[in-house]
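Hey, can you work out the whole structure from these sequences and the hints?
Here this note's numbering is used: position 194 in the sequence shown is 194, and no number is missing along the way.
Fair warning: there could be bad hints in the mix.
[Unchecked claim] The calculated DSBU-like cross-link candidates involving lysine-lysine, where the alpha carbons are at most 35 Å apart (straight line), are:
1) LYS316 / LYS207
2) LYS316 / LYS353
3) LYS258 / LYS316
4) LYS262 / LYS197
5) LYS197 / LYS207
[What the hints assert, rightly or not] Taking CB as the label site, the calculated pair distances span:
6) LEU221 / PRO293: 19 to 25 Å
7) ARG269 / GLN297: 20 to 26 Å
8) LYS353 / ARG269: 33 to 39 Å
9) VAL184 / PHE59: 19 to 25 Å
10) VAL190 / LEU41: 25 to 31 Å
11) GLU393 / ALA218: 21 to 27 Å
12) LEU240 / GLU352: 43 to 49 Å
13) LYS207 / GLY63: 56 to 62 Å
14) PRO318 / ALA218: 21 to 27 Å
15) GLN204 / HIS152: 53 to 59 Å
16) ARG403 / PRO319: 23 to 29 Å
17) GLY400 / VAL308: 20 to 26 Å
18) ALA205 / LEU243: 54 to 60 Å
19) VAL190 / ARG403: 57 to 63 Å
It is worth saying that the hints were derived from the structure and are not from the lab.
Just so it is clear, CB atoms sit at the ideal spot from N, CA and C, and this is done for glycine as well.
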Amino acid sequence: MDEQREHRRGGPLLPWGGPPMWRHGPPWWNQRDEAAEGGRLPWLTTLFLTVFVQVGSKFAAEGQLDREPLDPIARLILLAGTASLLLRHRHPVPVAYFTAGTALLYLGAGYPYGPVLITVAVGCFAAVVSGHRRAAWGAVGMLWAGHLLVAHWLYRWLPPDGDNARTWGEETVVAVWVVAIIAVSELARVRREQWMKERAERAQAAKRRADEERLRMARELHDVLAHSISVINVQAGVGLALLDSDPEQARTALTTIKAASKEALGEVRQVLDTLRAPGDAPRAPAPGLDRLPELVQQAASTGLTVDVDTQGRAVKLPPGADLAAFRIVQEALTNVVRHSGSRHARVLVRYEKTALTLRVDDDGPATGADAGGSGNGLAGMRERAAALGGTIEAGPRPDGGFRVTAVLPTGTQAQENE
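Here it is as structure tokens:
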């Protein structure tokens, strides 16, 4: 929550004391992006620049008595230059050249130097950051070349009367303005590109997290449903076969179906609850190896005898490893029920210092039957193990049957059960 509030305020301060939004340009530039995407014109900043240029030029004229006084024509030229900035986001190239042209016309008419150059700076800035670098350089170069012609050659025929060639010191000031415009614009362009790249990376990371979450949900639902539906499938077959000859056994099969379906619905509801409210804690704890006896009992209801052998000193597993271990054993036993002709399976749980080894064996042979499976069981087990840095090996045994072996790292921080 604190991070969200910081994000809405612009985030925490940077080490040098400035707000982080300045890493990728001033705040009004980010507002510009939102306005441009929404199709709105930058009325507020354009109005501010218009007032600033008009008022600033009046004060600049008071200190330059050797230049032409500001008259309505000068005001109109200044207004035309700043008004064009309304379109700087939609048409940056024409605006850059137009602002440079109005500034050159204004200075060529002998009007005083002043904030008119800010209009060019903003127009060229918009062109550079929008990717039209050459257009911005061309506009600035046109202004500089035109000013050189006016200040050192055409001044004889242009107002004010009796004007002399500008000194090269004054020309240096103009050159500094040109360099400053280009430098600031290029810096803003680089910052903006970096910001857009980071935004794209954040969007990609968010999409990747969403994909991973969908995959996790799909894997969880597959494991829950595949096991329960396999039990239901087997028991439904038993019930149908014994409905007339052994009604009591058929009743037992229906009872098992009811229990398996109830358990499946409960686990599916738990998964869906976390999907609807990802910030809330689950209502029931995730299953772990402590529920291994339940798996053995469910397997027994399908006619499968399961022997469990636990080796090593049991430790408290991390929640993720505990859930993965349970689901791997569950899926392995489900595959035995679906695909093996054997009615006997063996489960080995071996606790080691930094890993947990699980092994599920059946004596086969394979039946080729498919009790409603999707074929994603082994893939799901491998994904679970890989997410924890573990491995899954599955394949036929040399003496017949099938074996699934999983090795799941548990780290060295596991706490031993008392």
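Comparing the hints with the structure gives:
At roughly 34 Å between alpha-carbon atoms, LYS316 and LYS207 fall within 35 Å of each other, so this suggested pair holds. In summary, the hint linking LYS316 to LYS353 is supported, as the alpha carbons are separated by about 12 Å, within the 35 Å threshold. About 32 Å separates the Cα atoms of LYS258 and LYS316, which keeps this hinted pair within 35 Å; it holds. Taken as a hint, the LYS262 and LYS197 pair is broken in the structure, with Cα atoms around 49 Å apart against an allowance of 35 Å.
Taking the CA atoms of LYS197 and LYS207, the gap is near 15 Å; set against the 35 Å cutoff, the hint holds. At roughly 24 Å, the beta-carbon separation of LEU221 and PRO293 lies within the given 19 to 25 Å, and the hint holds. Restraint check, ARG269 to GLN297: a C-beta distance of roughly 22 Å satisfies the suggested window 20 to 26 Å. Restraint check, LYS353 to ARG269: a C-beta distance of roughly 38 Å satisfies the suggested window 33 to 39 Å.
Range check, VAL184 to PHE59: Cβ separation about 24 Å, and the 19 to 25 Å hint holds. Roughly 26 Å separates the CB atoms of VAL190 and LEU41, a value that falls within the hinted 25 to 31 Å. Hint check: GLU393 to ALA218, Cβ distance near 23 Å, so the stated range 21 to 27 Å holds. Checking the proposed 43 to 49 Å range against LEU240 and GLU352 shows it holds: the Cβ atoms sit about 45 Å from each other.
Taking the beta carbon of each, LYS207 and GLY63 are about 58 Å apart, inside 56 to 62 Å as hinted. Checking the proposed 21 to 27 Å range against PRO318 and ALA218 shows it holds: the Cβ atoms sit about 22 Å from each other. A hinted range of 53 to 59 Å for the beta carbons of GLN204 and HIS152 is consistent with their spacing of about 54 Å. Judged by the Cβ atoms, the range 23 to 29 Å given for ARG403 and PRO319 holds: they are separated by roughly 27 Å.
As the Cβ distance of GLY400 to VAL308 is approximately 21 Å, the hint placing it in 20 to 26 Å holds. At about 56 Å, the CB distance of ALA205 to LEU243 agrees with the hint of 54 to 60 Å. Remark: the range hint 57 to 63 Å for VAL190 to ARG403 is upheld by a beta-carbon distance near 58 Å.
Of the numbered hints listed earlier, the single one contradicted by the structure is hint 4.
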